[in-house]
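Number of protein chains: 2
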Amino acid sequence: MSAESVSIVLVGTTHSGNIGATARAMANMGLSRLRLVCPRAEIDDEARARASGADALLDSASVHDSLAEAVSDAVFVLGTSARRRESPWRVMGPNEAAGALREASGPEGRSVAVVFGRESSGLSNRELDVCDGLVSIPVAESFPSINLAAAVALIAYEVRTVWATGEETARPNENQFAATVSEREYFFSHLEQVLEQVDFSRATGREKLMRKIRHLYMKAQPNSEELAILRGILTNIESKLRK
Amino acid sequence: MSAESVSIVLVGTTHSGNIGATARAMANMGLSRLRLVCPRAEIDDEARARASGADALLDSASVHDSLAEAVSDAVFVLGTSARRRESPWRVMGPNEAAGALREASGPEGRSVAVVFGRESSGLSNRELDVCDGLVSIPVAESFPSINLAAAVALIAYEVRTVWATGEETARPNENQFAATVSEREYFFSHLEQVLEQVDFSRATGREKLMRKIRHLYMKAQPNSEELAILRGILTNIESKLRK
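Protein chains in written order, with the working numbering: chain A, 1 to 243; chain B, 244 to 486.
Since no wrong hints were added, every one of them can be taken at face value.
The calculated DSS-like cross-link candidates involving lysine-lysine, where the alpha carbons are at most 30 Å apart (straight line), are:
{"#": "1", "chain 1": "B", "residue 1": "455", "chain 2": "A", "residue 2": "208"}
{"#": "2", "chain 1": "A", "residue 1": "243", "chain 2": "B", "residue 2": "451"}
{"#": "3", "chain 1": "B", "residue 1": "455", "chain 2": "A", "residue 2": "243"}
{"#": "4", "chain 1": "A", "residue 1": "219", "chain 2": "B", "residue 2": "455"}
{"#": "5", "chain 1": "A", "residue 1": "208", "chain 2": "A", "residue 2": "240"}
{"#": "6", "chain 1": "A", "residue 1": "212", "chain 2": "B", "residue 2": "451"}
{"#": "7", "chain 1": "B", "residue 1": "486", "chain 2": "A", "residue 2": "212"}
{"#": "8", "chain 1": "B", "residue 1": "451", "chain 2": "B", "residue 2": "483"}
{"#": "9", "chain 1": "B", "residue 1": "462", "chain 2": "A", "residue 2": "212"}
{"#": "10", "chain 1": "A", "residue 1": "208", "chain 2": "B", "residue 2": "483"}
{"#": "11", "chain 1": "B", "residue 1": "455", "chain 2": "B", "residue 2": "483"}
{"#": "12", "chain 1": "B", "residue 1": "483", "chain 2": "A", "residue 2": "240"}
{"#": "13", "chain 1": "A", "residue 1": "240", "chain 2": "B", "residue 2": "455"}
{"#": "14", "chain 1": "B", "residue 1": "486", "chain 2": "A", "residue 2": "240"}
{"#": "15", "chain 1": "A", "residue 1": "219", "chain 2": "A", "residue 2": "208"}
{"#": "16", "chain 1": "A", "residue 1": "243", "chain 2": "B", "residue 2": "486"}
{"#": "17", "chain 1": "A", "residue 1": "208", "chain 2": "B", "residue 2": "486"}
Hint data in this document are derived by calculation from the structure and do not stem from the laboratory.
Produce the complete structure using the sequences and hints provided.
Put into C-alpha cells, the structure is as follows:
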C-alpha cells in the first residue's frame with residue numbers, strides 16, 4: 001500500500017518555479033503523479049532548477065483542459081482552499097484530509113487527488129464543485145498567503161505520514177546498554193567520596209546534594225559506556241588529588 | 244501562550260530566495276523570530292519577492308557569527324538533519340519535535356529554537372553539538388533532498404498545530420529553570436579544562452569525549468540549579484588541584 005495513488009493537481013499555475021518546487025516536494029514524500037490543468041507557465045529552466053533533480057516527475061506530468069478531465073479516474077478529490085466561512089463542502093485539516101484520502105484509496109490503491117488552485121485566486125466555484133471536500137491549511141490570520149509549493153509540501157508530508165503509520169516503525173532501542181542498578185549505585189558512592197575529598201558536599205548537606213545528583217542521573221539515563229566515562233573521570237580526579 | 248517563542252535559525256544559507264521563502268512560511272504559521280548565522284546570501288530582490296510581503300520578518304532578522312551566539316538565550320535547541328543511523332542525538336519526527344519545543348518553552352514562553360543548515364551540506368558536527376536533539380523530516384529514500392524553505396514550512400506547520408491544540412498542558416514544568424545555551428556552553432568549556440588538568444581527555448580524544456559528555460548532558464536536561472551544582476563541583480575540584 002503506497003501513497004503513489006495520490007495525485008497532485010495544479011490548476012492554472014502562473015509561476016514555473018512553483019511547478020518545479022511542487023515536483024521536488026512530491027518526490028521528497030514519495031508521490032509521483034503530477035497533473036497540470038491549463039498551466040499558464042512552461043516547464044522552463046526555472047522549473048527545472050527548483051525541481052532540483054525531480055525531472056522525471058516534471059517529464060511525466062500530464063496536461064489537461066479541465067479539472068474534471070484531470071481527475072476523471074479518481075474516486076475521491078479534495079480541493080485546497082483558504083475559505084472556511086459557511087462552506088457547503090466538508091472542510092478538513094491536512095492530517096484529517098490525509099486520512100480521508102488513504103481511506104478512500106483503500107488497500108487496492110484506487111486513485112485519489114488533491115487539487116491546488118491559482119497563485120492569485122485559488123479554485124473557482126466550478127472547480128470546487130468537482131471536489132468531494134476541502135482541505136484548509138491552518139494559517140495565521142495576519143499572513144494567510146501561503147506559497148503554492150509550500151502548501152503542496154505540507155499536504156504531501158501529511159499524506160506520507162498517514163500512509164507510513166501503522167506499519168510499525170521498529171526503531172532500535174537507543175538506550176540499549178543501560179547500566180544496572182548495582183553499577184550506578186557503585187558510581188554514586190564513588191562520586192560521594194570524591195565530593196567529600198574536594199569539600200563540596202559540606203555546604204549543601206550530603207544527603208540533599210546526592211538526591212539532586214541522583215535525580216539528574218535518572219533524567220540522563222546513562223548507558224554502560226557513558227557510565228564508564230563518568231567513572232573514569234572520577235578515578236582520574238582522585239589520582240590527581242593524591243599527588 | 245504563543246508559538247512566538249520559537250526562533251528559526253538558518254545557518255550559512257546560500258540562496259537568498261530561501262531566506263525570503265522561509266520568512267513567508269514563518270509568517271504563515273505565526274512565527275516571527277528569524278536568526279541568520281553567517282548567511283552567504285543577501286536579503287536582495289529575490290528574497291523580497293519570495294517573502295511575498297513578509298518584509299517585516301526579513302527586516303527584523305538578526306545576524307550572528309556563530310550558532311552558539313545566535314541561540315544563546317534559548318533553553319532548548321533542535322537541529323534539523325537527514326541522518327538517522329546510529330546518531331548519538333535524540334532524533335524526533337516533526338510532530339514530536341514540536342511537542343518537545345512547546346514543553347521546553349513552557350507557559351512562561353522561554354526561548355527555544357530550530358536550526359536549519361546549509362543547502363548543500365547541512366549542519367556541521369560542531370553545530371550539532373549545540374543542539375539538544377535532532378528533528379528528521381521523514382522523506383523518501385529515493386529523493387531525500389528537501390528544499391530549505393519547505394523544511395521550515397513543515398516544522399513551522401507542526402509548531403503551529405501543536406501550539407494550537409490542547410490549550411494548555413498545565414502540568415508544573417519540572418525543568419522550571421532550564422539553563423540557557425550560553426550557561427551550558429560555559430560549563431562545557433570549564434569541564435573540558437578540568438578534564439585536561441586531570442589528564443582524562445587524552446586517551447579518548449578530546450573532541451569525541453566532549454561529544455559523548457554533551458550527549459549525556461542533553462539527555463539529562465539539567466535546570467539552572469542542577470547546573471549550578473555541577474559548576475560548583477568543578478570549581479572545588481580545580482581549587483583542590485591547585486593546592
